[in-house]
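Visitor: Single-letter residue listing:
Number of protein chains: 2
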Amino acid sequence: MKNFKVAILGCGTVGGGVAKIISEIGSELSERANCTVELAKIVELNASYAVTRFELNPDLFVDGSNDVNAEQANAAIKEILADKSINLVVETIGGTGDFVYNTCLDILNAGKHLVTANKALLAERGKAIFEAALANKVTIGYEAAVCGAIPAIKTIKESFSGDVIDSVSGIMNGTSNYILSNMQNNNLGFAEALKMAQDNGYAEADPTLDVNGGDAGHKTIILIKLAYGIDVTMEELPMIGIEKIDKEDIEFAEEIDAKIKLICYAKRNGDEIYATVRPMMVKNDNFLSGVDGATNALRFSNRYSGIHILVGEGAGSSETASSIVGDIIFAARYNEQINNEAAPTSLTFSDDRHFEFPYLVTFSTEDAPGTTGFITSEIGAEGINIDTVSHNRRGLDNATFSVATVPCKIDKINNAIENIKKKRPEILVKEPKIMPILYSDRK
Amino acid sequence: MKNFKVAILGCGTVGGGVAKIISEIGSELSERANCTVELAKIVELNASYAVTRFELNPDLFVDGSNDVNAEQANAAIKEILADKSINLVVETIGGTGDFVYNTCLDILNAGKHLVTANKALLAERGKAIFEAALANKVTIGYEAAVCGAIPAIKTIKESFSGDVIDSVSGIMNGTSNYILSNMQNNNLGFAEALKMAQDNGYAEADPTLDVNGGDAGHKTIILIKLAYGIDVTMEELPMIGIEKIDKEDIEFAEEIDAKIKLICYAKRNGDEIYATVRPMMVKNDNFLSGVDGATNALRFSNRYSGIHILVGEGAGSSETASSIVGDIIFAARYNEQINNEAAPTSLTFSDDRHFEFPYLVTFSTEDAPGTTGFITSEIGAEGINIDTVSHNRRGLDNATFSVATVPCKIDKINNAIENIKKKRPEILVKEPKIMPILYSDRK
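Chains A and B are the protein sequences, given in the same order.
Here the working numbering is used: the first residue of the first sequence is 32, the next is one more, and so on.
Here the working numbering is used: the first residue of the second sequence is 32, the next is one more, and so on.
For the record, the hints were derived by calculation from the structure and aren't laboratory data.
A portion of the hints provided could be inaccurate.
Heads up, the list lumps identical chains together, so a pair's fine if it works in one copy or across two of them.
[Unchecked claim] Derived pair list, reagent style DSS-like, types lysine-lysine, alpha-carbon separation capped at 30 Å:
hint, residue 1, residue 2
1, 256, 452
2, 443, 278
3, 278, 464
4, 168, 33
5, 115, 452
6, 440, 453
7, 33, 158
8, 158, 115
9, 443, 464
10, 453, 275
11, 109, 168
12, 33, 51
13, 168, 461
14, 454, 440
15, 226, 109
16, 33, 256
17, 115, 168
18, 168, 443
Computed from a prediction, not measured in an experiment: that's the story for all the values here.
For reference, chain A alone in the conformation it holds in the complex (with noise of 0.2 Å):
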């Protein structure tokens, strides 16, 4: 059997995780890669702690269990990008730094396969990374970097090649959606379950990235490419976060049946492609309405295939790492015949006014007769039928409910918000709150 070497950088918690499940399984990986899987060199400054930590061999290592600089971690992957007889290069170091963007270009220009959890990198910077492997005709293993151990993106490349994914929405943010279901679940409010998930290890101190869609942001681009070949960036991608959802908004949700979830949604009409990182209303008779805590789930619907759920585990060293040794595997077994990315289609990236959704609208108002049936009547003028009214909350002075619509453009909704502040500017005491409903028959 021939050999496939692997170097890993950065021996946190999920390189760690690669080389440990290495360590562990190699024979067998080695049988089903159909030659000889070999870990050559780990790159880590601190060696010692990753020595112990993983229950690995020190002659992996730089310098054995030995901690190093960074001169020596640097010198010690010049020597892995010159030395011939390595095949692939895991990278584990995170971040979207020039020394992680150049060195993983590196690894691609030495004609080295690129296996990376790096989420960030690859949908912020990735499109030189993806035109370097392939111009130099190796390939680039991203399984671990969105949703952890579920196997979404070779679904989508190897598994759904055959069909067309009309949409994908995904509960892709763990941290998020811990924080939704304990509000839920056990009527807490936003800060009060942040504090929760933090306390619990499932937040980080700044939960920025994973409160704000950030994060959520990252795997959408990512996998949006890939199911549909188009590169969007940040700014172009609309996200909301979920720091304003307040208990109001949770009851409504209640009323129609339905639960908020930080939905990852990406749809596809024709030539053109929406998609979008915000909460959404999600039906109870929609399997993700049911997906509560760390978990991650995808829910794909296909043009001839129908609907499709993967759910996994989104996080944690070993379950991480073994999506990355999955990548390994098919980069061994595949190694001279890679055929690289999604080729450029002629699909464009659109907005929400081309796409009509179901919407709850929540209205604040003054509390005084006839104001339902102002409000609604403006909508009906909009043309949009809706399907049902919540029960109206009273306030002190003002009065709340929402509507439920049928699907309709965006842009009419606004029409319709226009049409009541300008006939009657008083009557709003606050913006309405706009989110669209996820159902589990409407694709």
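Since the structure of chain A is provided, determine the placement of chain B on it from the hints.
Guide: For chain B alone, kept in the frame of chain A given last:
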């Protein structure tokens, strides 16, 4: 771009679906495969019907829209086999007879890739077929053979290649699941529920292979070979159908918060593999308990990546066809570098005596005081811990109750039953029913 030419043998429900997808989205498929995927020829006796049903170009058929006889069809197959420009043949003839078996061998021996949905053929006569693929360095695509649209095969082969599958449990026969769902949700007996399935097109006039576990057994054998590299015959695989499930079983299931499902099950313990197809008590905290109707679902418990769930359509024309087209694209992409099937492993096929399960044992006894105490004492005497004992159901002169055990070996259950019979031969009015229990948190 290079050409990748495909022929289809048999243009019925599935083969016709394949031809339709390629006809409709051929150019997208070619972009993905990085070569021009061309449907070159379709061989079908009943061509006139197929052309109309799937809206296909008659020029693809042997004699246009005209039906052909067996002789003409055989001549056309010979031509395809001799045509060096054809890269891949889709076998959607079906059956396990010599004709289809030899045709598959001929395809592979002619150096062409084979894609098939024929689970019975692969499960019963697959060994020589897989060997021929290996010898000729071509691939067999059979994603469509297991659970229709669900990407079970590629998930195991390409996505879980960096992990160890500790166990897999699946609902892989839509007909029997539809029947069981209706027995449980609508309080029907087996015969009534079967008739309802037949009336609604969910069961064939001869439902034998669906309700006796045979169809699920075929799929299980294919999965075991792929996941564990071992060949198991239909005779070796322990199989129990759903024909004997009655309302009482369903009541006992409800009492322990479970549903009865026909489960395809395989588990690895060290170097031993156990597999079975049989009704199991699936606790409601296990995702599979909520999978109703004709839907299929698979639940994997992996050593490194934890629990995975895949849900999708297990049957249907375009659903199954999309899996076949996915296999065609895969073969086209990695044409020169096909890696066939799991390497032989040192794992052995074992039986349930080496594996522990929690069991539900249902006893029908004389209605006499002290019976429960006597029976549960005998179970305890074998060192089996009891989880719960059900309410006693009293009939005219006998009583029925069930005992849920913690995980134990089946031999101990059998010993306890033997001791009960030996000590008080009169006490059991019929043979106890034994059914494994599937929890969510136990692998």
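Visitor: Check the structure against each numbered hint from earlier and tell me which ones fail, lowest number first.
Guide: 1, 5, 13, 15, 18
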